[in-house]
Structure formats: structure tokens, C-alpha cells
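Using the sequences and the hints given, assemble the complete structure.
Number of protein chains: 2
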Amino acid sequence: MTSIERTLRADARRNREKIFAAARELFAREGELVQIEEIAAHAGVGIGTVYRHFPTKQALLTEMVRTRFSRFAEIAIECEEMEDPHEAVTCLFRRSAEEVEGDAGFQLAMMGSDQLHWEGIEQEKAAFAAPATRIIDRAVAAGAVREDLTFGDFPMLMCGITSTMYYSPGGAEWRRHLDLILAGLRPGS
Amino acid sequence: MTSIERTLRADARRNREKIFAAARELFAREGELVQIEEIAAHAGVGIGTVYRHFPTKQALLTEMVRTRFSRFAEIAIECEEMEDPHEAVTCLFRRSAEEVEGDAGFQLAMMGSDQLHWEGIEQEKAAFAAPATRIIDRAVAAGAVREDLTFGDFPMLMCGITSTMYYSPGGAEWRRHLDLILAGLRPGS
DNA sequence: TGACAAACGGAATCTTACTTCCGTATATTG
DNA sequence: CAATATACGGAAGTAAGATTCCGTTTGTCA
Chain Y
4 MTSIERTLRA DARRNREKIF AAARELFARE GELVQIEEIA AHAGVGIGTV YRHFPTKQAL
64 LTEMVRTRFS RFAEIAIECE EMEDPHEAVT CLFRRSAEEV EGDAGFQLAM MGSDQLHWEG
124 IEQEKAAFAA PATRIIDRAV AAGAVREDLT FGDFPMLMCG ITSTMYYSPG GAEWRRHLDL
184 ILAGLRPGS
Chain V
4 MTSIERTLRA DARRNREKIF AAARELFARE GELVQIEEIA AHAGVGIGTV YRHFPTKQAL
64 LTEMVRTRFS RFAEIAIECE EMEDPHEAVT CLFRRSAEEV EGDAGFQLAM MGSDQLHWEG
124 IEQEKAAFAA PATRIIDRAV AAGAVREDLT FGDFPMLMCG ITSTMYYSPG GAEWRRHLDL
184 ILAGLRPGS
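Residue numbers (the numbering used here), protein chains in the order written: chain Y, 4 to 192; chain V, 4 to 192.
Hints should not be assumed to be uniformly reliable.
Identical chains blur together in the list; that is why a pair holds if it fits in one copy or across any two.
[Unchecked claim] SDA-like mimics (lysine to any residue), calculated; alpha carbons at most 25 Å apart, straight line:
| no. | residue 1 | residue 2 |
| --- | --- | --- |
| 1 | 128 | 173 |
| 2 | 60 | 35 |
| 3 | 128 | 175 |
| 4 | 21 | 171 |
| 5 | 128 | 52 |
| 6 | 60 | 186 |
| 7 | 128 | 176 |
| 8 | 60 | 104 |
| 9 | 60 | 23 |
| 10 | 60 | 38 |
What the hints contain is simulated information worked out from the structure, not anything from laboratory work. Remember, it's a predicted structure, so these values are computed and weren't measured experimentally.
Printed below as a string of C-alpha cells:
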């Protein structure tokens with residue numbers, strides 16, 4: 004699509020995909036502890052090849068985070084379509100959380116564990132913030148949630164839920180945490 | 004007090020204190036990223052001296068966590084003395100959170116960032132769990148909080164609050180997060 | 001098919017901390 | 001005030017990983 008992809012040699016394009024896929028899988032499993040050597044081995048290429056495609060480990064991990072994060076905007080847009088303002092908020096939290104489940108690397112990124120991962124994805128962030136803000140503002144206006152709720156609360160609360168996800172993998176715990184959070188959003192704080 | 008302390012040479016005891024103080028301060032400021040060399044320099048001793056007193060960096064950090072954590076049991080016991088069951092729970096959450104504020108290293112430990120810090124402090128953990136469990140059970144029995152609340156929810160929720168503390172230092176944000184959590188504990192989930 | 005630019009592989013290099021070691025200095029004790 | 005056990009300092013040793021480099025291989029194009 005981009006000129007870079009057009010001019011890439013066939014084997015290079017293939018390898019890039021393989022590296023990306025391997026990185027996604029290992030990053031999801033082990034977080035930022037993945038080693039480049041591991042990724043290379045898993046992708047069936049040499050270390051040098053990984054570095055040809057991604058100048059640093061950081062750049063590769065940022066790319067992982069970016070592609071996953073871009074899903075958030077889609078989710079927010081879908082949630083916004085729901086008629087019931089309260090359900091839209093609930094949906095926003097629940098589906099965002101589900102999106103993160105099972106990807107330890109992304110969970111760490113959500114938790115801010117390494118701020119570096121978040122540099123360079125401002126565009127994706129903004130694309131999410133817009134619809135999410137509308138969802139929350141609408142619920143506030145409708146009296147469906149506590150009146151002082153703002154978009155800024157979302158990352159904060161999600162960060163908490165994500166940390167439960169990360170440190171108690173399995174699924175049950177974080178859903179309970181989410182329930183408690185959603186209960187706390189009820190109007191009449 | 005212990006035989007170790009009694010038989011310690013005077014300069015050694017003094018240095019141990021200095022190292023401990025330096026470690027506490029730097030650990031609070033920088034978390035587990037503190038370097039032994041930094042701690043030594045800050046304490047005004049050589050690297051070797053740090054290692055004479057604490058066999059590994061891990062041991063030193065565990066000691067930091069242990070002393071801080073032992074405060075938790077005291078807090079829980081104090082909260083238990085309050086008559087109002089609901090207030091006792093609120094107090095438990097609030098004061099625990101306040102205890103963590105300002106110590107980034109401990110915050111990371113609370114968030115489980117390195118499970119190693121938690122090995123070897125089982126005793127302190129148990130001393131806290133007992134009164135905290137009683138506080139929560141009493142509130143449940145009194146109908147002051149949602150009936151499915153258990154002690155197990157405490158670490159989970161605190162972990163979330165702590166992550167807000169860590170990633171948004173300054174004070175305002177985490178208190179809001181705490182408010183939302185406390186609101187979510189109300190009966191009638 | 002031959003020439004050549006583009007990619008590849010992975011050993012070697014660099015970097016960053018933790019940890020060890022041992023010659024030197026100092027507190028303690030009779 | 002020795003004699004001696006303790007403790008100290010910090011250079012050197014290791015280890016773990018990221019990153020570079022360059023000789024070799026492979027796709028592309030005329």
C-alpha cells in the first residue's frame with residue numbers, strides 16, 4: 004500500500020510479516036521481556052533480519068501496541084451506536100477490557116509500564132478519545148452515571164482493571180473488578 | 004536487639020542504618036530501578052559494604068517492602084476499632100492507600116511488578132489479612148457493603164488504585180479512583 | 001541468464017548492572 | 001598499646017541482552 008511496501012522485495016515483505024506475527028504472539032505471552040533473539044527464532048529468520056525491519060526493539064514493540072490500540076477506536080464507535088446511554092458506557096468498558104485480555108504485553112502497555120510504548124501513537128489515541136468522550140458525556144447528560152464522570156476517568160479505571168488482569172490471569176478476577184467499577188459509576192456518588 | 008545486632012561492630016551498625024535509610028529514600032523515588040552503586044554513594048559507603056549487609060539487591064529491596072508492609076497490620080487493627088462497620092472499611096482502604104502514597108518502589112511492589120519482593124513477608128501478610136478480613140466480614144454482615152464483598156477483593160482493588168498512584172503521581176487522581184471504588188462497594192450491586 | 005541491488009544470518013561487539021574478591025583500614029579487647 | 005577479628009572500598013569479573021557489521025545469499029530486471 005505505502006510506497007515502502009511497494010518497493011519491498013518479495014522475501015523481505017514475507018519476512019516482515021513473519022516477524023510481526025512472531026512478535027505479536029510472544030509479546031502477548033511474555034510482555035516486553037521477549038528477547039529479539041526469541042522473536043527471530045520464532046519467525047524463522049536471523050537477528051539481523053529483525054533489525055533490518057525494525058531499527059530497535061522499542062520500535063517493534065511500539066508497532067505491536069499501535070495495531071492493537073487502533074482496535075479501540077473501532078470499539079468505541081460501535082458502542083456509541085447503542086441507544087441506551089448507560090449501556091453504551093458499560094459496553095465501552097467491557098469490550099475495551101475484553102480486547103486487552105490475553106495480551107500480557109499490551110496489558111503492560113496499558114498499565115503504562117513503559118511510557119515509551121505510547122510515544123508515536125497519538126493519532127490512534129485521538130481517534131479513540133473522540134467517540135469515547137461522546138459516550139461518557141451523553142451518559143452524564145442523561146443522568147445514567149454519576150454526574151462528575153469524565154473521559155479522563157476511563158484510562159485510570161481501565162489501568163486498574165488491566166493490572167488485575169495482568170497479575171491474576173485467568174479471567175474471573177478482572178470481571179469482578181470491572182463489576183465493582185461499573186457499580187461505582189452509578190449516579191448519586 | 005537480636006544477637007546479630009548485638010555482635011555487630013559499632014561502625015558496621017551505623018553503616019547498616021545509613022544504607023537502609025539511603026535505600027528507603029531512593030527506592031521510594033525511583034522504584035526497583037535504583038542501582039546498588041547509587042545507594043552506596045548516597046549512604047556514603049562503598050559497594051562492598053552494601054553487599055556485606057545485604058547479600059543481594061533483592062534482599063535489600065525485600066527488606067524495604069517488609070518494613071513498610073508491616074505498617075498495614077497496624078492500620079487494619081486501628082480501623083477495626085471504629086464502631087461503624089462501613090466507616091471501618093472506608094478507613095481501611097483510605098489509610099492503606101495513604102500509606103503507599105509517595106513511595107514509588109512500594110507502589111510497584113503492591114502492583115506485583117516483581118513477585119520476588121513478596122517472598123519472605125508471609126508473616127506480615129498474615130498479620131494484616133486477619134484484621135482486614137474481620138473488618139470486611141463485619142461490614143458485609145451489617146449490610147454496609149455489597150454482600151459478595153470478600154477480603155480477596157481488597158488487594159485487587161488496591162492494586163488498581165496503586166497503579167493510578169504510580170502512573171499519575173501528584174495526589175488528586177488516585178483519590179478520585181478510590182472514591183469510585185468505594186462507591187462501587189455500596190450494597191445492592 | 002547474468003549482473004547487481006536488496007536482504008539475510010549470526011558471530012562479535014557494546015552496554016549496563018549486579019556481584020565477587022582481596023588488600024587495606026578500623027573497632028574491640030586484654 | 002598491641003593483636004586480631006571485623007568491616008571497608010572499589011576495581012575487576014560476570015551475565016544478560018540489545019545492536020552492529022559484513023561476508024554470503026537471493027530476488028529482480030533487462
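Each hint tested on the structure:
Taking the closest pair of Cα atoms, residue 128 and residue 173 come within 25 Å of each other only across two copies (23 Å); inside a single copy the shortest separation is 28 Å, beyond that limit. Taking the shortest Cα distances, residue 60 and residue 35 sit within 25 Å of each other both inside one copy (9 Å) and across copies (22 Å). Within a single copy, residue 128 and residue 175 get their C-alpha atoms only as close as 28 Å, which misses the 25 Å cut-off; across copies the closest is 23 Å, which meets it. Proximity of residue 21 to residue 171 under the C-alpha cut-off of 25 Å is found in neither arrangement, the shortest distances being 30 Å within a copy and 37 Å between copies.
Taking the shortest Cα distances, residue 128 and residue 52 never come within 25 Å of each other, neither inside one copy (30 Å) nor across copies (48 Å). For a Cα distance limit of 25 Å, the shortest separation of residue 60 from residue 186 qualifies neither inside one copy, at 40 Å, nor across copies, at 42 Å. Taking the shortest Cα distances, residue 128 and residue 176 sit within 25 Å of each other only across copies (20 Å), while inside one copy they are farther apart (27 Å). Taking identical chains as interchangeable, the C-alpha atoms of residue 60 and residue 104 lie at most 25 Å apart only when both belong to the same chain, with a minimum of 23 Å there against 33 Å between chains.
Taking the closest pair of Cα atoms, residue 60 and residue 23 come within 25 Å of each other only inside a single copy of the chain (12 Å); across copies the shortest separation is 36 Å, beyond that limit. In this assembly of identical chains, the alpha carbons of residue 60 and residue 38 lie at most 25 Å apart whether taken from the same copy (9 Å) or from different copies (23 Å).
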